[in-house]
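Trainee: Modelling step: build the complete structure from the supplied sequences, incorporating the hints.
If you're matching them up, the sequences are chains A and V in order.
Mapping the first sequence onto full-length UniProt numbering, position 443 (from 1) lands on 443, and the numbers just tick up by one.
Mapping the second sequence onto full-length UniProt numbering, position 173 (from 1) lands on 173, and the numbers just tick up by one.
Read the hints as simulated data drawn from the structure, not as lab findings.
Every value quoted in this text rests on a predicted model; they were computed, and no experiment measured them.
Glycine residues also receive a C-beta, built at the ideal position from the N, C-alpha and C atoms.
You may find that some hints are simply not true.
To list a few chain A residues with every Cβ distance to chain V over 12 Å, as calculated [as the list claims (entries may be wrong)]:
1) Glu40
2) Pro70
3) Asp84
Chain V is faced by these chain A residues, among others (derived, beta-carbon under 10 Å) [claimed, not checked]:
4) Thr73
5) Thr81
6) Asn83
7) Gln90
8) His170
9) Val221
10) Thr224
11) Tyr370
12) Tyr372
13) Gly375
14) Gly411
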Amino acid sequence: MTRTTRRTARGAALRGTAVVGALALTLTACGGGSSDTDPEAAAEEGGELTVWAWDPTVEPIAEAYMEANPEVTIDIVNAGTGNDQYTALQNAIAAGSGIPDLAQVEYYALPQFSIGEALTDLSDLGAAELDGAFTPGPWTAVSQGEGIYGLPLDSGPMALFYNAAVFDEHGVEVPTTWDEYVEAARALNEADPAVSITNDTGDAGFTTSMIWQAGGTPYTVDGTDVTIDFTDEGSQAFAETWQQLVDEELVAPISSWSDEWYQGLGNGTIATLTIGAWMPGNFESGVPDASGDWRVAPMPQWTEGEQATAENGGSAMSVLEGGENNNAALAYDFLEFAAHGDGVQIRLDGGGFPATTADLESEEFLEREYEYFGGQKINEVLAQSAADVVEGWQYLPFQVYANSIFNDTVGQAYVSGTSLTEGLATWQEASITYGNDQGFTVD
Amino acid sequence: MAQAVAVTPPVAPRRRQARRWSGWGFVGPFMAVFALVFLAPIIYSIWLSVFRTQLVGGTTFVGLENYQRALQDDQFWSALGRVSAFLVVQVPIMLGIALLVALAIDSGRLYGRDFFRISIFLPYAVPAVVATLMWGFMYGTRFGLVGNINDALGVSLPNPLSPDLVLAAIGNIVTWEFVGYNMLIFYAALRTVPTSLYEAAEIDGAGQWQVIRAIKIPAIRGALVIATIFSIIGSFQLFNEPSILQALAPNAITTYFTPNLYAYSLSFSGQQYNYSATVAIIMGLLTMAIAYVVQLRGMRKEA
Chain A
1 MTRTTRRTAR GAALRGTAVV GALALTLTAC GGGSSDTDPE AAAEEGGELT VWAWDPTVEP
61 IAEAYMEANP EVTIDIVNAG TGNDQYTALQ NAIAAGSGIP DLAQVEYYAL PQFSIGEALT
121 DLSDLGAAEL DGAFTPGPWT AVSQGEGIYG LPLDSGPMAL FYNAAVFDEH GVEVPTTWDE
181 YVEAARALNE ADPAVSITND TGDAGFTTSM IWQAGGTPYT VDGTDVTIDF TDEGSQAFAE
241 TWQQLVDEEL VAPISSWSDE WYQGLGNGTI ATLTIGAWMP GNFESGVPDA SGDWRVAPMP
301 QWTEGEQATA ENGGSAMSVL EGGENNNAAL AYDFLEFAAH GDGVQIRLDG GGFPATTADL
361 ESEEFLEREY EYFGGQKINE VLAQSAADVV EGWQYLPFQV YANSIFNDTV GQAYVSGTSL
421 TEGLATWQEA SITYGNDQGF TVD
Chain V
1 MAQAVAVTPP VAPRRRQARR WSGWGFVGPF MAVFALVFLA PIIYSIWLSV FRTQLVGGTT
61 FVGLENYQRA LQDDQFWSAL GRVSAFLVVQ VPIMLGIALL VALAIDSGRL YGRDFFRISI
121 FLPYAVPAVV ATLMWGFMYG TRFGLVGNIN DALGVSLPNP LSPDLVLAAI GNIVTWEFVG
181 YNMLIFYAAL RTVPTSLYEA AEIDGAGQWQ VIRAIKIPAI RGALVIATIF SIIGSFQLFN
241 EPSILQALAP NAITTYFTPN LYAYSLSFSG QQYNYSATVA IIMGLLTMAI AYVVQLRGMR
301 KEA
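Mentor: Shown next as structure tokens:
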């Protein structure tokens, strides 16, 4: 618990900026509102915005916003999902033209764009006031140094999704620590060799999240000075525990999101998933066969009795420098609407998991019973997880690339004689080489 | 005025000059399109390959440094080695089967010839992406065809998507896709052989094997060379199949599995456009050189 309540020095600095930012905003507001820096005035004045997003709920949010602000026209462009969109965005930034005013960016990719000075610091536009409005995990992710480079759209605090029918059938207890998890994996496999505790073929997002929960900080980023070190305690805790599962072939060699994966989740051969809180919607649509079988439990712990969790996935939306319409104030007004205003409810209705504390604490949200999960109030578990996210985690400013070579390096531990620890060392080495090639100072 | 008179050239040369330009007028549209869609990308790639763009520090001119780096790049060479192995093993098998089928159809002794021809050709009509997805499902050892066979017969077939077998699994897909295409090239060439040659052979008392060896194969040597060159280029450009199977076998198919996949990963996940362009140019040159050698050899034999 101490971990979650402890505030970092950066957090304090942020609150400082918040006060200054709030003051600045009040001053401009009193001054009658220049539309350059006053989002509300900009919205009244009107204009056009281009938004790149792949999330389907952004479209209805834009419609709702345009209804409230008839002078504003918003053009939503789906420039690809995740990496495809980042490539297009990077190209537009490099070319200096065709840059959208706003773009959806996942948390792990955010530093890559903020370090390239492609994102607008939103502190002075009013984002500094919002400290505390979002859960700590996503808020840390959008706050880089002194600036705030986006507002969280959703979050993915992790939890243990488990197939209760399988656990009941074989009389295995639901694990609360990772040691118990390994035991449960053995017990399930012994009872029925077809059952695996989970699937894993090496997933960068999952691995970094697990290390995050274990208190590891393999990445330290200070501007362009980067340190990568996978020998810290958290990384090693993960590597040692997970190595047992890999060695004893207790994890199914099935890649997530594949056809076999959905089948495995549906027919009980994949018994658990440790994954972000955005997963329930995917269960309902992708695994209808197993309706009523699955439940949600808190993430297993590294130390018994703790309540530490990590984030897995989730995106922010950022205002870009040099956007087509060059209207940061208007862009921010829409962003505030989408991430903190009325847009949040639209996203919730669309199955998203909020990053806003107010919604996470709302009675309606917490009390909702999910038929798919046998009537369980799963949001109670997920909201608690959001509050327990370990602070201090940082992603690399070139995480997109690092993740892309994860399977070349760490992934080899799943198919050959190398260990996860060796794999992590290779990954570290390759990431360092790339970082230095790209002009960072990495060691 | 005086000036205007002075620059007016004699009549005859002006007409000659006008004639010279009218030729360009005719090829102009072609040249414009050719320059735009053919030369410009190549020149742009070469231009890209002599710079280096960093996330921090921007773009600098580096001359041939990228080429030097590529020649010392283990990942590049391992990718090249992989497609070369693929070329040496898969291409002869595929062309052998295609030739066999073409000869069988051409022999006229096949019952249901048209049906046979169309069904062999059909896989070529399936887009490579769809074909790979389909085979990917079948290769699944848990719930795919391989898994079903294992369950039904109580055997344990090795996983086709394991690191040791994945190249063979891709070879199988590519063979399935392209046997029909190559068969059609061979068959079309066989149809052009004048029947009088067969009659003469029959009169001379030649058997079927002798006809094939002495008439049919030499007659379609040109087609064989063409098919071989296409296959070499296809092997070196291997991309679709590994790229799609990567989702199913991320650890077996690395980001540098084939040279094209490597160039793609460098560019699209690493933003190393410059180095990626370098790799692409080197691969282009190598492919051209090898295809040229094969063509020279093929033509010499033909003569």
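Trainee: Compare the structure with each hint and give your call.
Mentor: Now the hints, each set against the structure:
1. Every Cβ of chain V is farther than 12 Å from the Cβ of Glu40 of chain A; the closest lies at roughly 36 Å, confirming the non-interface assignment.
2. Consistency note on Pro70 of chain A: stated as away from chain V, and its beta-carbon is indeed over 12 Å from all of that chain's, at 40 Å minimum.
3. The beta carbon of Asp84 of chain A sits about 8 Å from the closest Cβ of chain V, which is not more than 12 Å, so the claim that it is off the interface is violated.
4. For Thr73 of chain A, the suggested interface contact is broken, since its CB lies about 32 Å from the closest CB of chain V, more than 10 Å.
5. For Thr81 of chain A, the shortest C-beta to C-beta distance to chain V is roughly 13 Å, which exceeds 10 Å, and the interface hint is violated.
6. Restraint check, Asn83 of chain A versus chain V: the minimum CB separation of about 6 Å is within 10 Å; hint holds.
7. Checking Gln90 of chain A against chain V: minimum C-beta separation of about 6 Å stays under 10 Å; hint holds.
8. A least Cβ separation of about 19 Å between His170 of chain A and chain V goes past the 10 Å threshold, and the interface hint is therefore violated.
9. Contact between Val221 of chain A and chain V, as hinted, is not supported at the beta carbon level, the nearest pair being about 12 Å apart and thus beyond 10 Å.
10. The beta carbon of Thr224 of chain A is positioned within 10 Å of a beta carbon in chain V (closest approach about 5 Å), and the interface hint is therefore held.
11. Annotation: Tyr370 of chain A was flagged as interfacial toward chain V, and the flag is violated, the nearest CB pair being 27 Å apart, outside 10 Å.
12. Checking Tyr372 of chain A against chain V: minimum C-beta separation of about 22 Å lies over 10 Å; hint violated.
13. The interface hint given for Gly375 of chain A is violated, since its Cβ lies 30 Å from the closest Cβ of chain V, which is over the 10 Å cut-off.
14. The closest approach between the C-beta of Gly411 of chain A and any C-beta of chain V is roughly 4 Å, which is under the 10 Å cut-off, so the hint is satisfied.
Violated hints, in rising order: 3, 4, 5, 8, 9, 11, 12, 13; the structure is consistent with all others.
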